[in-house]
Amino acid sequence: MDSSTTQIVTDLLTSDAHGLQEAWIAEQLASPDTRPDLITEAELRQQSGEFLQLLREALRSGGPADLDSPAWAPLREMLGRVSRARALKGFTPSETATFVFSLRGRLFERLREAAGDDPGRYHEGLRGVTSLVDRLGLHTTEVFQRNREEVIHRQQQELMELSTPVVKLWEGILAVPLIGTLDSARTQVVMESLLQRIVDTEASIAIIDITGVPTVDTLVAQHLLKTVAAARLMGADCIISGIRPQIAQTIVHLGVELHGAATKATLADAISMALRQNGWRVTRGTPKG
Amino acid sequence: MERIPILKMGRVLLVTIQVDMHDRLALALQDDLTTRIAQSGARGVLIDISSLDVVDSFIGRVLADIAAMSRVLVAETVVVGMQPAVAITLVELGLSLPGVRTALNVERGMELLRAALVEEEEEEYEDAGEEDAGAGE
Chain X
24 MDSSTTQIVT
34 DLLTSDAHGL
44 QEAWIAEQLA
54 SPDTRPDLIT
64 EAELRQQSGE
74 FLQLLREALR
84 SGGPADLDSP
94 AWAPLREMLG
104 RVSRARALKG
114 FTPSETATFV
124 FSLRGRLFER
134 LREAAGDDPG
144 RYHEGLRGVT
154 SLVDRLGLHT
164 TEVFQRNREE
174 VIHRQQQELM
184 ELSTPVVKLW
194 EGILAVPLIG
204 TLDSARTQVV
214 MESLLQRIVD
224 TEASIAIIDI
234 TGVPTVDTLV
244 AQHLLKTVAA
254 ARLMGADCII
264 SGIRPQIAQT
274 IVHLGVELHG
284 AATKATLADA
294 ISMALRQNGW
304 RVTRGTPKG
Chain S
19 MERIPILKMG
29 RVLLVTIQVD
39 MHDRLALALQ
49 DDLTTRIAQS
59 GARGVLIDIS
69 SLDVVDSFIG
79 RVLADIAAMS
89 RVLVAETVVV
99 GMQPAVAITL
109 VELGLSLPGV
119 RTALNVERGM
129 ELLRAALVEE
139 EEEEYEDAGE
149 EDAGAGE
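As they're listed, the protein sequences go chains X and S. Residue numbering for the first sequence follows this note's numbering, beginning at 24 and increasing consecutively. Residue numbering for the second sequence follows this note's numbering, beginning at 19 and increasing consecutively.
A hint or two may mislead.
[To be verified] Here are the computed lysine to aspartate or glutamate pairs in the EDC-like style, where the Cα-Cα straight-line distance is at most 20 Å:
1) Lys191(X) / Glu172(X)
2) Lys191(X) / Asp292(X)
3) Lys112(X) / Glu165(X)
4) Lys249(X) / Glu110(S)
5) Lys249(X) / Asp74(S)
6) Lys112(X) / Glu172(X)
Derived by calculation from the structure, the hints in this document are not laboratory data. Since the structure is predicted, the reported quantities are computational estimates derived from the model, not experimental observations.
Just chain S, same shape as in the assembly:
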């Protein structure tokens, strides 16, 4: 069975969907992606759907699910490159993908993820600093 490749770039996993997304493929992607996040400890997932002309309610739900699952595994998901027609269809279907971050293209998506990762690192650093301070007292 064909699979959608998942590329790792630093702490970000990059998924480019270039084929027609059918239901089984979407579920396989969900499986693979969660496995990879857990294995690699990635902190960000970028899904590029710019070549998707058709997104039905099922694929929409899978995208939302992937985002939710990634969040459980502490990774931020950004869906990028959605086409206008697809966006309108999803909204008409009542699926506005709450909880999924979106960006216009891969470049913007990467910026978004990078900013989120930097923020997170700073927080971790601060937390660590506080713990050190606590230990010192």
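With the rest of the complex left out, here is chain X:
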């Protein structure tokens, strides 16, 4: 965009700035995309006013050549804030971008009035407004998208940490209750946290409970065996417990061999085996109460 185009756009925004702002807000309030159920009029007014203000300042100080330049930083930051706030409130991406795009209609209207009989000026202004508003709108959508991705990423991370606790059952005995499908990323997390806990607690036996693992195929079995092998390298024995009848059948049908690890049907069996191996003895006294 060259300087004359910039001048036209700047003129459009600065002449009767108040009128433009009011007309724009009125249009936004009339449009269903503004979602009056999610945003108040006061908030909308404040955002619109701030947007126009920052846009004028940015045009004055830097020109629209490069939206990444420092002159545009306040506006970019403001749009990012609006986009984030709207994403959290439950706006769709197009509703969020409409905030910026709706300004175009107003500007075109003013351009027609300002250009009068000069088609060259009208054309140039059209080009300038379109390119500026488009870029700002796209920026809003991009920020919106990035926020969504951040949320998804964080949730994935949390899910992964949530689903792999390492529990100390007794002195020297750890348990890992696995819930959900075991893929290589989760195996890595399980392995790391288990081995670290083995070091911290000086455990000699780790029970891996797969009651919550829906299916065990060759890949899952391989992941399990990897964990068992790594624990063994640290000097801890592993017991795999919670093997349901169907899973036992699948394992045999697939020809998977869980060698190197003791297997037990239930966690209780595994605990009693682990206690016995460590030399503990459980006796039953008279029940209380």
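Based on the hints, put chain S in the right spot on chain X.
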């Protein structure tokens, strides 16, 4: 050339690897250790790798080899103090060191070796007893 010291404690040889293990050093250790086992008649070897941050496939293989060689020379090998990251790397490399005994730390490793030695002595004693009984008949 630098060498890794081998300490003798009773019937056990103690090796603590405190420097970065490169290939030649590993091979030298293998040489020294087998020589020492043969000389001293040691029955157990304890290798402490707790200060090793990196173990590649070659070092992994040398460790497995040392264990196998010691077994041929009637000594039990225990590798102790492997770090979690090293354990994961070895498993990912497909080296789970079968035939090598492992323990969490030196203390546990010593217990393991002591138990193995006691067991062995008992067996020898029993064998000797049977031979005596056979001679008596």
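So, against the hints stated earlier in the document, which numbers end up violated here? As far as the earlier hints go, only 1 is violated by this structure.
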